[in-house]
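K.L.:
Residues per chain are reported as follows:
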Amino acid sequence: MGDKSMVNVKKLTRKDFSSDQMVRWCPGCGDYSILAQVQKTLPDIGVEKENIVFVSGIGCSSRFPYYMNTYGFHTIHGRAPAIASGVKIANPDLSVWIVTGDGDGLSIGGNHTIHILRRNIDVNILLFNNRIYGLTKGQYSPTSELGKVSKSTPMGSLDRPFNPPALALGSQATFVARAIDVDGKPLQSMIRRAQEHRGTSFLEIYQNCLIFNDGAYSHLTDKKTKEDTVLHLEHGKPMLFGKDKKKGVFLSKNTPKVVEIGEQWSESDILVHNEKDWIIASILSHFTYREDLPTPVGVLYAVDEPVYEDMMVDQISHAVSQNQKADLNSLLGSGDTWTVE
Amino acid sequence: MSKQTHLTKELDHAVIRFAGDSGDGMQLTGGRFSETTAIIGNDLSTLPDYPAEIRAPAGTLAGVSAFQLHFGSVDIHTPGDRPDVLVAMNPAALKVHIKDLAPGGIIIINKNAFTEKYLKLAGYESNPLEDDSLIGNYTVYPVEMSKLVKNACESLDVPKKTVERTKNLMALGILFWMFNRPTEPTIRWLKEKFAKQPTIIEANIRALNAGYNYGSTTRILTTRYIVGKAKLPSGTYRNIHGNYATALGFVAAAERSGMSLFYGGYPITPASEILHTLSAWKQFGVKTFQAEDEIAGIASTIGAAYAGSLAVSATSGPGLALKAEALGLAVMAEIPLVIVNVMRGGPSTGLPTKMEQTDLLQALFGRNGEAPIPVIAAATPGDCFYASYEACRIAVKYMTPVLVLTDGYLANGSEPWRIPAAEDLPEFFPNFSPPDTGNGKFNPVKRDKKTQARPWAIPGTAGLEHRIGGLEKNYDTGEVCYDPDNHMKMVTARADRVKGITQDIDPLHVYGVEEGDLLVLSWGSTFGASRSAVSHLIKEEKSVAHAHLRWIHPLPKDLGDILSRYKTILIPEVNTGQLSLLIRATYPVNVKGYNQVRARPFKSQDIIDTINRQLD
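From first to last, the protein sequence lines stand for chains A and B.
Per the working numbering, the first sequence starts with residue 25, numbered consecutively.
Per the working numbering, the second sequence starts with residue 606, numbered consecutively.
These aren't lab readings, by the way, just hints derived from the structure by calculation.
No experiment lies behind these values; they were computed from the predicted model shown.
Do not take every clue at face value.
The calculated label-pair distances, taken between Cβ atoms and stated as ranges, are [claimed, not checked]:
hint	chain 1	residue 1	chain 2	residue 2	range
1	A	Met335	B	Lys614	58 to 64 Å
2	A	Gln346	B	Lys1144	52 to 58 Å
3	B	Gly1165	A	Ser358	41 to 47 Å
4	B	Ser760	A	Asp328	43 to 49 Å
5	B	Glu769	A	Gly359	28 to 34 Å
Straight line, CA to CA, 20 Å or less: simulated SDA-like cross-link-like pairs of lysine to any residue [said to hold, decoys possible]:
hint	chain 1	residue 1	chain 2	residue 2
6	B	Lys836	A	Glu365
7	B	Lys1046	A	Asp44
8	B	Lys1162	B	Asn1079
9	B	Lys887	A	Glu365
A few chain A residues that face chain B, going by a derived Cβ cut-off under 10 Å, partial list only [stated by the list, open to error]:
hint	residue
10	Ser86
11	His101
12	Ile285
13	Leu317
14	Ala343
15	Thr361
We put the CB at the ideal spot given by N, CA and C, even for glycine.
Pulled out of the complex, with its shape left as it was, chain A reads as follows (with noise of 0.2 Å):
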């Protein structure tokens, strides 16, 4: 999508992709930030700004549209991936982008963002992953862990979360990241990264919520954990986390475990990444709930792989360059007909 506008292109900066609305998010949200890294990437794309959409479901991250200079449509609880698809297949030359939740995107809409992947229709999913039900007030979400206590589960939950990169593999999807709120020169990056994939790119964002789950990733975010909890992937590159780079990813027979750099384990032992590999990609999406292993973020999975929009763009070509004289009259006069004088 990228490539083909990028000439004539005038130089954007952030303040014209931001809405003269004012930001309605309770104060020190994490959508801010996620809101600040958009607005900060897109002027880099190569893209005119009238042929960015913005399609959002309902929740707090849903508002995201009204804040952004950009096309916009703020739609209904769990359909903005199905509405996307629509606006996609009828003008695939549109920057397309869906803003979702936890609880819009895996939970009421969860039909249509498993369908979106596994179609790998060309559109972006940004997924503001908080583990809870902000703007109806603090239920816990399809993400939050067993046991959470919530207004709607005062003695815990009953339901094991969902786990969003493996669900997204799952679903075939050939663009797996994901993000932190606050981090952000790596979220620019996967922003880029998401836009860059032909196909669907699935970016789980983690995003805090102050009000009804605050902390939920300050061990990822807390300077004195991040770097022993957070492992940033890079293509090519072995796993190596924590202070100084010395802990590291070792599969031993198929099991993942962090083991330290030094006597026993060099780096040669450290599984390296490959984002186009569907196990390594695979392995790294269950790391999600594990306390002894750390959180990867960055690109987890990424592939080529035939686009929908292409192939039916591709199917009317041939069926328009076989049928030559398609007209009107001759399709309203077609199969067996007679006259009456």
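Got chain A; can you put chain B on it based on the hints?
P.N.:
Coordinates of chain B only, in the frame set by chain A:
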């Protein structure tokens, strides 16, 4: 071919019903007879009637599939009240359908299927071909169809099963002989359909000829019937089914408006053929999207419309229920699109393959909030074309979702259809907003003075970047707004815009006396039975008339005046009185409902009887 010994009798119309097992090919047989009789110039109307199960156990009552057609040299409005000829391919088919046959009617039977096993499955204690249950009441022709096709195909290298399956063509051949119809169109059709299987073509042609020759060479069948050409308005005609006509209307609308057609939908009986038909017309640039569910069907349609396509979808009652919330979004965001509801028997899964008119109130009111949507209902299979075309024109002109109501009977039924010239179809154009190169702020709700439609500013247009959504918006700016007075203003504005469509609706046509004792007010597929009934009673010089509603929301401007001219308004509906409720609530007139919910179309005789009771 006909021998002197056969009597010839002239009829102005006749009703035939083909009935057999689901696997016996009765829909195909009926379809072939319809096409042939249409080509030679009869007016006709058909009613396929098949079970929801693809293949219910062979020989059972549940597995019986039937196809009825009514054809004639006179105006035909219904598939006929009672068959004159019944083709029964097995005992179950006879058992299910014998009660509908006209007294003295003809029954053509596949005698080979009347075995002990199948008689038992059909619940016969004795063989009706041997006992006296049919004798004297009907003219019965037991034909050994299975055996005769076996003989005819003896020298062919075709599996036994395939030969047995050709017996429907044998039955068709007998009927072709009986009603003086040519076999050539069917032979041509067989050659096209089985182009790659020459032995299948040959077996079927032999079976067809065996049937025809059975009529002409044996002296068992005594009478041939002549049904002359109908006096239809001049023009070129084709036989058309409702679902096909609906799909054709959409393509015609796209071609005439220069828009790109998008269809987003989920398979559902009896609407799926609309998806199938459109998906085969990619040469017209049609984009069809088989969504993951009904909700994604309409959601993708909304997305495509938002992006500037002529966006349409089709479903049936349960699917419309699932689409309700998204339809509300289309109302709120003022998105032009068309949804067809091919109504079927309900509630819930109900009777998927049967017809009903039970979704009228769902179409009018089945959404949260005040969410008015224009509703148009097709009257006949051919009218499905004009209804879907008109729905597209209105949707685009007024920037609103539009609902089209058809039903299982219109969808699968067929009639001769005068082919319109593309140039004669009303033109319309999308009013896309032009790019704005200045820096003025674009107002997405600046309304057209005449239609009250908001501008259609599609993504990709420079300078018009804006936000819309499902939240209430400010009347003047389009920005999110929760002000009470503004909300009242918006509720009224949405309703008024839809009411304003009356300026685009043709005046109501009244058939019969201009004022008098009784007006039959019909909508949807009850058109045919109502028109037949009133036409019959006008001949008896009764003070009756018929008016038919296509637009149900908004109602035509002149309706109130017309209704006021009759002492009684009779509204026949295949529901418990949904239009009656609406008319009573809208006009101070004396409304009587004729309501039967048997998941099948009315017979005109039922309406005649009802009118007569009212007039007494």
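K.L.:
Hint by hint, note whether the structure agrees.
P.N.:
Structure-based check of each hint:
1. A:Met335 / B:Lys614: 58 to 64 Å: holds (59 Å)
2. A:Gln346 / B:Lys1144: 52 to 58 Å: Since the Cβ atoms of Gln346 (chain A) and Lys1144 (chain B) sit about 53 Å apart, the hinted range of 52 to 58 Å holds.
3. B:Gly1165 / A:Ser358: 41 to 47 Å: With Cβ atoms ~43 Å apart, the hint holds.
4. B:Ser760 / A:Asp328: 43 to 49 Å: This hint is violated: roughly 58 Å between Cβ atoms.
5. B:Glu769 / A:Gly359: 28 to 34 Å: The hint (28 to 34 Å, Cβ to Cβ) holds, given that Glu769 (chain B) and Gly359 (chain A) are roughly 30 Å apart.
6. B:Lys836 / A:Glu365: holds (9 Å)
7. B:Lys1046 / A:Asp44: holds (10 Å)
8. B:Lys1162 / B:Asn1079: Violated - the C-alpha atoms of Asn1079 (chain B) and Lys1162 (chain B) are around 30 Å apart, more than 20 Å.
9. B:Lys887 / A:Glu365: With Cα atoms ~34 Å apart, Lys887 (chain B) and Glu365 (chain A) exceed 20 Å; violated.
10. Ser86: holds (9 Å)
11. His101: holds (8 Å)
12. Ile285: This interface hint is violated because 47 Å lies over the 10 Å limit.
13. Leu317: With a minimum Cβ separation of about 33 Å from chain B (threshold 10 Å), the hint on Leu317 (chain A) is violated.
14. Ala343: holds (4 Å)
15. Thr361: Thr361 (chain A) check passes; min Cβ-Cβ to chain B is 5 Å, inside 10 Å.
Violated hints, listed in ascending order, are 4, 8, 9, 12, 13; each of the other numbered hints is respected by the structure.
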